[in-house]
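Those protein sequence lines, which keep their order, are chains S and X. With this note's numbering, the residue at position 125 of the first sequence is 125, and numbering never jumps. Each position in the second sequence, counted from 1, maps to that position plus 166 in this note's numbering.
One or more hints might be untrue.
Taking lysine-lysine pairs in the BS3-like style, the calculated list, with each CA pair at most 30 Å apart, reads [as the list claims (entries may be wrong)]:
#, chain 1, residue 1, chain 2, residue 2
1, S, Lys81, S, Lys19
2, X, Lys209, X, Lys247
3, S, Lys81, S, Lys43
4, X, Lys209, S, Lys19
5, X, Lys247, S, Lys19
6, S, Lys81, X, Lys185
The set of hints was computed from the structure by calculation and includes no laboratory data.
Protein chains: 2
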Amino acid sequence: MTEDQFGIREGEVVLELPKAFDAGVYYIGRIHTPWASRDECPKNARESAAVCTVEVDARYALALQNVQTCSHLLLLYWMDKARRDLAVQAPRHYSEPRGTFALRSPVRPNPIAASVVRLIRVEGARLSVVGLDCLDGTPLIDIKPYFASTDAVPDATVGWHGDAQR
Amino acid sequence: MTEDQFGIREGEVVLELPKAFDAGVYYIGRIHTPWASRDECPKNARESAAVCTVEVDARYALALQNVQTCSHLLLLYWMDKARRDLAVQAPRHYSEPRGTFALRSPVRPNPIAASVVRLIRVEGARLSVVGLDCLDGTPLIDIKPYFASTDAVPDATVGWHGDAQR
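Please work from the sequences and hints to get the whole structure.
In structure tokens form, the structure reads like this:
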């Protein structure tokens, strides 16, 4: 798909972001992955069995108590390389433009990703996990225990999405 | 459990937050629920079948294209009433203190909640959903399609958590 001089592809729609932020985020650590550029990243996390490392800043180390008892975690991280102003977008591997909130693209008003990972081990303030597809060095903003009772909906469907496409 | 003059319960540990934020968040809408105070909120979302309303700001309306084809969504919202500086905490309904990152408590360095909701309908920039447990007026920060293929892990476990407790 062709891009114009601003990197906007056909069918994409830019929105005007507010003049000021409403709240502030602390980076609480960094994620280390094998992928140094966007092109190297797996198209989605299921395609990779790579063990990635989450380094939590020392000031938050105590907050990791009991995390080692979780089989899976929900990680929130900040996709700091992504633009934030597209309402409709056409990711490279999809055929047509769709609304930002119907996509998991990094491009969104708040470039926060939510990924379910399998926890391999905890050593001090470092977690080894499987299930990420982000760039090396991505800032971490939260770690949550994954509760199957509320977080797992195996029969959920995304109508616009043909499984063959993903 | 008793609280000291700063609202800290026995066994809780305060951490020193950084002096400055690393990134900024836009509120993209508001969530309307039946619950005006923390005490009224369901202890967790499974306990409620209440239909809640998500009002997305007009500037982001186009970004909702194709969302109506999703059976479930992952909503991220900002728990703006919560303190952010506890490393170890003792939520009222649990027996002992645990690390913040092993809990889904609103109290965390970045007070972002992630909730899976069932989408009932979309009317303009307003979504009706089931599965929330937050305060009325809570700021919304993201809407994502829920993909069972990557987001659903039905056999995930949280070791510290006895199901009877939740």
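Assess, step by step, whether the Cα of Lys81 of chain S is no farther than 30 Å from the Cα of Lys43 of chain S, and give holds or violated. holds, 16 Å
Between Lys209 of chain X and Lys19 of chain S, is the straight-line Cα distance small enough, at 30 Å or below? Status violated; Cα separation ~36 Å.
Next pair to validate is Lys81 of chain S with Lys185 of chain X; report whether the Cα-Cα distance is within 30 Å. holds, 23 Å
Straight-line Cα separation of Lys81 of chain S and Lys19 of chain S no greater than 30 Å? Holds. Lys81 of chain S to Lys19 of chain S sits at ~20 Å (cutoff 30 Å).
Hinted pair, alpha-carbon criterion (30 Å max): Lys247 of chain X, Lys19 of chain S. Please report holds or violated. holds, 23 Å
Under the criterion that the straight-line Cα-Cα distance not exceed 30 Å, is the pair Lys209 of chain X, Lys247 of chain X satisfied? The given pair, whose Cα atoms are some 16 Å apart, holds under the 30 Å limit.
Violated hint for the displayed structure: number 4, the only one.
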